[in-house]
Amino acid sequence: MISFIIRRVLWAVPVLFFVGLVSFFLMHQAPGGPFDQDNNRKQVDAATLKNLNARFGLDKPPYVNPRAFAAAWKAGTRNPFKLARTYVDSQFGNYMLNALHGDLGPSFRQRGQNVQDLLKKQWPFSLRLALIALTFAIVVGIPLGVVAALKQNSLADYISLFFATVGVSVPSFILGLLVIIIFGTHLRWIHISTNDWRTWKPYIAPGLVLGLLSMSFITRITRSTVLEVKRQDYIRTARAKGLSGQAVIMRHILRNALIPVVTTLGPVLLGLVTGAVITESIFSIPGIGKYFVDAIFQRDYSMIMGTTLIYALLLVVANIVVDLSYGFLDPRIRTQ
Amino acid sequence: MATTVSQGTLSQEERAFATRKPRSLWSDARRRLLRNKAAVAGLLFIAFLLVVAVAAPLIAPHPPLEIIPGNGYRQAAWVHTPNRPSITGKWTYPLGTDAIGRDVFSRLVYGTRTSLIVGFIPMIITLTIGVMVGLVAGFKGGLLDVGLMRFGELVYSFPSFLFFIIVMTALKDTPIGKFLNGFLILFAALSLVGWVDVARLVRGQVLSLREKEFVEAARAIGVRQHNILFKHLFPNCLGPIIVSGAFIVPGAIITEAVLSYLGIGLRPATDPTALFPVSWGNMILDGKSAINAQQWLMIAPGIAIALITLAFTFIGDGLRDALDPREAQ
Amino acid sequence: MAPLLEVKNLSTHFFTQDGLVKAVDNVSFYVEKGETLGIVGESGSGKSVTSMSIMRLIPNPPGKIASGEILFDGEDLLKYSEDEMRHIRGKEIAMVFQDPMTSLNPVLTIGRQLTETLELHMKLTGKEARNRAGELLALVGIPSPHKRLDDYPHQFSGGMRQRVMIAMGLSCNPQLLIADEPTTALDVTIQAQILELMKKLQDELGMAVIIITHDLGVVARMADRVNVMYAGRIIEDGPTNQIFHDPRMPYTIGLLQSIPRLDEARGQRLSPIRGLPPDLINLPQVCPFSPRCDYVQDACYQQVPPLRPVEPHQRAACLFDVHAPWVSGNGTSPQAQTAHQLPATERA
Numbered sequence: 001m002i003s004f005i006i007r008r009v010l011w012a013v014p015v016l017f018f019v020g021l022v023s024f025f026l027m028h029q030a031p032g033g034p035f036d037q038d039n040n041r042k043q044v045d046a047a048t049l050k051n052l053n054a055r056f057g058l059d060k061p062p063y064v065n066p067r068a069f070a071a072a073w074k075a076g077t078r079n080p081f082k083l084a085r086t087y088v089d090s091q092f093g094n095y096m097l098n099a100l101h102g103d104l105g106p107s108f109r110q111r112g113q114n115v116q117d118l119l120k121k122q123w124p125f126s127l128r129l130a131l132i133a134l135t136f137a138i139v140v141g142i143p144l145g146v147v148a149a150l151k152q153n154s155l156a157d158y159i160s161l162f163f164a165t166v167g168v169s170v171p172s173f174i175l176g177l178l179v180i181i182i183f184g185t186h187l188r189w190i191h192i193s194t195n196d197w198r199t200w201k202p203y204i205a206p207g208l209v210l211g212l213l214s215m216s217f218i219t220r221i222t223r224s225t226v227l228e229v230k231r232q233d234y235i236r237t238a239r240a241k242g243l244s245g246q247a248v249i250m251r252h253i254l255r256n257a258l259i260p261v262v263t264t265l266g267p268v269l270l271g272l273v274t275g276a277v278i279t280e281s282i283f284s285i286p287g288i289g290k291y292f293v294d295a296i297f298q299r300d301y302s303m304i305m306g307t308t309l310i311y312a313l314l315l316v317v318a319n320i321v322v323d324l325s326y327g328f329l330d331p332r333i334r335t336q
Numbered sequence: 001m002a003t004t005v006s007q008g009t010l011s012q013e014e015r016a017f018a019t020r021k022p023r024s025l026w027s028d029a030r031r032r033l034l035r036n037k038a039a040v041a042g043l044l045f046i047a048f049l050l051v052v053a054v055a056a057p058l059i060a061p062h063p064p065l066e067i068i069p070g071n072g073y074r075q076a077a078w079v080h081t082p083n084r085p086s087i088t089g090k091w092t093y094p095l096g097t098d099a100i101g102r103d104v105f106s107r108l109v110y111g112t113r114t115s116l117i118v119g120f121i122p123m124i125i126t127l128t129i130g131v132m133v134g135l136v137a138g139f140k141g142g143l144l145d146v147g148l149m150r151f152g153e154l155v156y157s158f159p160s161f162l163f164f165i166i167v168m169t170a171l172k173d174t175p176i177g178k179f180l181n182g183f184l185i186l187f188a189a190l191s192l193v194g195w196v197d198v199a200r201l202v203r204g205q206v207l208s209l210r211e212k213e214f215v216e217a218a219r220a221i222g223v224r225q226h227n228i229l230f231k232h233l234f235p236n237c238l239g240p241i242i243v244s245g246a247f248i249v250p251g252a253i254i255t256e257a258v259l260s261y262l263g264i265g266l267r268p269a270t271d272p273t274a275l276f277p278v279s280w281g282n283m284i285l286d287g288k289s290a291i292n293a294q295q296w297l298m299i300a301p302g303i304a305i306a307l308i309t310l311a312f313t314f315i316g317d318g319l320r321d322a323l324d325p326r327e328a329q
Numbered sequence: 001m002a003p004l005l006e007v008k009n010l011s012t013h014f015f016t017q018d019g020l021v022k023a024v025d026n027v028s029f030y031v032e033k034g035e036t037l038g039i040v041g042e043s044g045s046g047k048s049v050t051s052m053s054i055m056r057l058i059p060n061p062p063g064k065i066a067s068g069e070i071l072f073d074g075e076d077l078l079k080y081s082e083d084e085m086r087h088i089r090g091k092e093i094a095m096v097f098q099d100p101m102t103s104l105n106p107v108l109t110i111g112r113q114l115t116e117t118l119e120l121h122m123k124l125t126g127k128e129a130r131n132r133a134g135e136l137l138a139l140v141g142i143p144s145p146h147k148r149l150d151d152y153p154h155q156f157s158g159g160m161r162q163r164v165m166i167a168m169g170l171s172c173n174p175q176l177l178i179a180d181e182p183t184t185a186l187d188v189t190i191q192a193q194i195l196e197l198m199k200k201l202q203d204e205l206g207m208a209v210i211i212i213t214h215d216l217g218v219v220a221r222m223a224d225r226v227n228v229m230y231a232g233r234i235i236e237d238g239p240t241n242q243i244f245h246d247p248r249m250p251y252t253i254g255l256l257q258s259i260p261r262l263d264e265a266r267g268q269r270l271s272p273i274r275g276l277p278p279d280l281i282n283l284p285q286v287c288p289f290s291p292r293c294d295y296v297q298d299a300c301y302q303q304v305p306p307l308r309p310v311e312p313h314q315r316a317a318c319l320f321d322v323h324a325p326w327v328s329g330n331g332t333s334p335q336a337q338t339a340h341q342l343p344a345t346e347r348a
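Chains as they are written, first to last, in this note's numbering: chain L, 1 to 336; chain G, 1 to 329; chain V, 1 to 348.
Worth double-checking, as some hints may not be accurate.
Straight line, CA to CA, 30 Å or less: simulated BS3-like cross-link-like pairs of lysine-lysine [what the hints assert, rightly or not]:
#1 K151/L to K37/G
#2 K127/V to K147/V
#3 K64/V to K33/V
#4 K230/L to K123/V
#5 K91/V to K151/L
#6 K91/V to K230/L
#7 K74/L to K79/V
#8 K64/V to K37/G
#9 K90/G to K201/L
#10 K22/V to K123/V
#11 K230/L to K37/G
#12 K151/L to K79/V
#13 K33/V to K230/L
#14 K64/V to K151/L
#15 K288/G to K121/L
#16 K120/L to K288/G
#17 K22/V to K151/L
#18 K74/L to K50/L
#19 K230/L to K200/V
#20 K288/G to K90/G
Partner residues aside, some chain G positions facing chain L, computed with beta carbon under 7 Å [stated by the list, open to error]:
#21 L162
#22 Q295
#23 L310
Hints in this document: simulated from the structure, not taken from any laboratory.
Quick reminder that beta carbons are idealized off the backbone N, C-alpha and C, glycines included.
Sequences are here, hints too, so could you generate the full structure?
What follows is the structure in structure tokens.
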């Protein structure tokens, strides 16, 4: 179990490196540099541009810096750490090393602000939205799936299955826009632009919109795992012991059925994060997702990259937690 | 005498115990699929959309890119605004028009083409890559298997939506990004991510089948490797492959719509003869900025996307239940 | 005195997409207190469905007990409410299932799975139940029983798990233990140990046992009486010795001929029963064994042969007085008295 944890944590290193490298490589292909235009989208003169590029290290080679390495070697440096540092004294190398210290560099569009400072301001809003959505997804999704499976082929089963199928099919950005049109514009139940995002209430509608996909996903998974467990021999054993229906469900079916459900929380969280990007933007919640979308429209490459790294880190950590809880729930893994 | 009796009893025996026709796996699956009402509805709807896509020029009342000055933001036909005759709904424009006077209904009809092609092409590419990698990794084993699967795991751990966003923002204004109005880069991005799931699935299947008797037997009588791979192993993986393919389609359609909505999907076509002139995602993007002026600009493509993905999910569910007898009790 | 269990005209049907399956069709039998009844048959013959019907654990849908009575201590279990039935299950009638690898809940400790019955039926407190669970594990021969209560099923071997299953079955001193293929999934040496254990415990505790198996060796070793099932019906029953010595139903004869015997002449070939069991959907109203029978006659296609007494305690569902080839009593050979083997059928 402990070696399993260590392996999972170590695996996060190549994953984050890979995400960083691919993002950096792709961003590097985009035409134009970050400082080509000033805040008013005017062309910057050559001297200033050179200055800015030098200041942020953008005059360095993109991936590795063999020149600096050779220079250091000639200068007599033999300390392998120092030599290695000169070798990766590149745009990418410096970016990743700075990121390790929590420095994600300056925003290309919001002058004078660092990406990490912007993210720090935004995450509490995103967290609230995600919490509401996740709670809704789990608290509604699991019982709905269990009920559907226990009453297989009943009306309740058909109804919840239908809604769960609709829920996983309809993209949340469409659902969100429809909710705004119906409940915002026509019925005027929710306010769109005049919200105080420091309170909880305005998060409810976007939270439900965002959570619906995850809820439907959980409902479907729970339903199929409960159906699977229901057929197992040990459930027959439990019933042959004379246990009440409730004891069979709570003690024998749910304990087993929830293990595979927990493993799907990884994809569920991924869906939440992805959906949050769009949902925040649609409902104008000032969270990470909204600024991410703004950054996409403004081509704020450092912001896009920084946010991607943060999201990737978040998901890696979430997946490790999910794997651990899986190991904790399943004695066949725990006792190994 | 004895012979006649025995003949008589034999035929009687045959009559008495005439068992039902043996059913093959596939005909059994087809029967189960066709009994699933939701899946049948989904299939019918997709068939309908295929007809619409092919016959778009006959169905659409206007060319999808026809700009009519002074006709902007006309309301849907049943919305009447007597005070403002320039935008009141009329049946020449059933779902109204967009900002520059293009007919929403016609654009919706043509958008069917984009949606279907965006669903199917990445599905085919993804399945091809996934099946190849899975078959090779599972069959060859060893270092190749470890390498491929580790790489797959790496790709898999890159959140796919973020990958799409990065690819599309970074490459949108490069020559590759502009090629075919962005279709090429979109297909490439969609296919580069989805293959891992398919590869894992196929590899798992191959690993479990590899040791089965019929493969051993084929090997023992000297069937060549690629024949074992394609004639013995591949057909046995077909069920799960079809099911995962059915679920790739709605995923791709949604992704295209989201990316276009973010302004980094397909580029709006300008060539009036373009085969795929309109994307529903782009229409939603247009509609979002007109959310108060002309709501059907957003509602119509929104519902269209919801329906097409729902139809594919129904089909996928139906296929899964049909091809996995254990699930379909 | 009335028997402990008396099953009368039990029919259990399954409604499948292909049609109605009469998995158990008009079956009657009884079990006396303390005796062991063996039920033999091929898979699909209805023996497991019979036992599940007694426990009223037929999954519904697709299954349903269509008619009949199941008298346990004189009371019809089919008239019991689900609640009342729960007090029978595990307490009065317990079951041991075929596959110990899958019949224990993988996420609960062995101790928890044992104590839940004890707490439920014997009203023991947590601590008492735990002690008793340890005693039960000791009874079925598990070393350091009290320590192993906290282990999970995957930490036990197959044979050990089956011992745990037996301990679970015995935990509330049931009057009847139904063992459904209790040794099928086990190694041969372990099989013998488990059978010995069951026999020993039955002697000690004095309960009745129904042992369901396709293995005639198990029946010979364990059972006082045997029911032979085929295509959802009992086609022969009687005391074990008598059935093994002089089976009167061609199917039973075929079964016995298809296993090697130590007491038979050298060079004698094993003769398996040809063909396959019939499809239970749309079973015609003829003798279900007729297509595979070596003694078949025209009359076999006229009706379903009823179970009729052939000896004082033996009944067989064959229209004719058939004897196995190895029985030469009464001076009449089976060929003389009944149908000769039909050449055409044999060739088929």
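How the hints compare with the structure:
1. K151/L to K37/G: Roughly 20 Å separates the two Cα atoms, so the pair holds.
2. K127/V to K147/V: The given pair, whose Cα atoms are some 14 Å apart, holds under the 30 Å limit.
3. K64/V to K33/V: It holds: about 28 Å lies between the C-alpha atoms, which stays within 30 Å.
4. K230/L to K123/V: 27 Å, holds
5. K91/V to K151/L: Holds. K91/V to K151/L sits at ~28 Å (cutoff 30 Å).
6. K91/V to K230/L: Between K91/V and K230/L the Cα gap is close to 23 Å, so the pair holds against 30 Å.
7. K74/L to K79/V: Outside the cut-off at roughly 97 Å; violated.
8. K64/V to K37/G: Holds, at roughly 27 Å.
9. K90/G to K201/L: Measuring from Cα to Cα gives roughly 41 Å; hence the hint is violated.
10. K22/V to K123/V: 40 Å, violated
11. K230/L to K37/G: Distance of about 25 Å is within 30 Å: holds.
12. K151/L to K79/V: 24 Å, holds
13. K33/V to K230/L: 34 Å, violated
14. K64/V to K151/L: 17 Å, holds
15. K288/G to K121/L: 27 Å, holds
16. K120/L to K288/G: Satisfied, since the Cα-Cα distance of roughly 29 Å is no more than 30 Å.
17. K22/V to K151/L: Between K22/V and K151/L the Cα gap is close to 25 Å, so the pair holds against 30 Å.
18. K74/L to K50/L: 28 Å, holds
19. K230/L to K200/V: 34 Å, violated
20. K288/G to K90/G: 22 Å, holds
21. L162: 5 Å, holds
22. Q295: 6 Å, holds
23. L310: Result: holds, 4 Å to nearest chain L Cβ.
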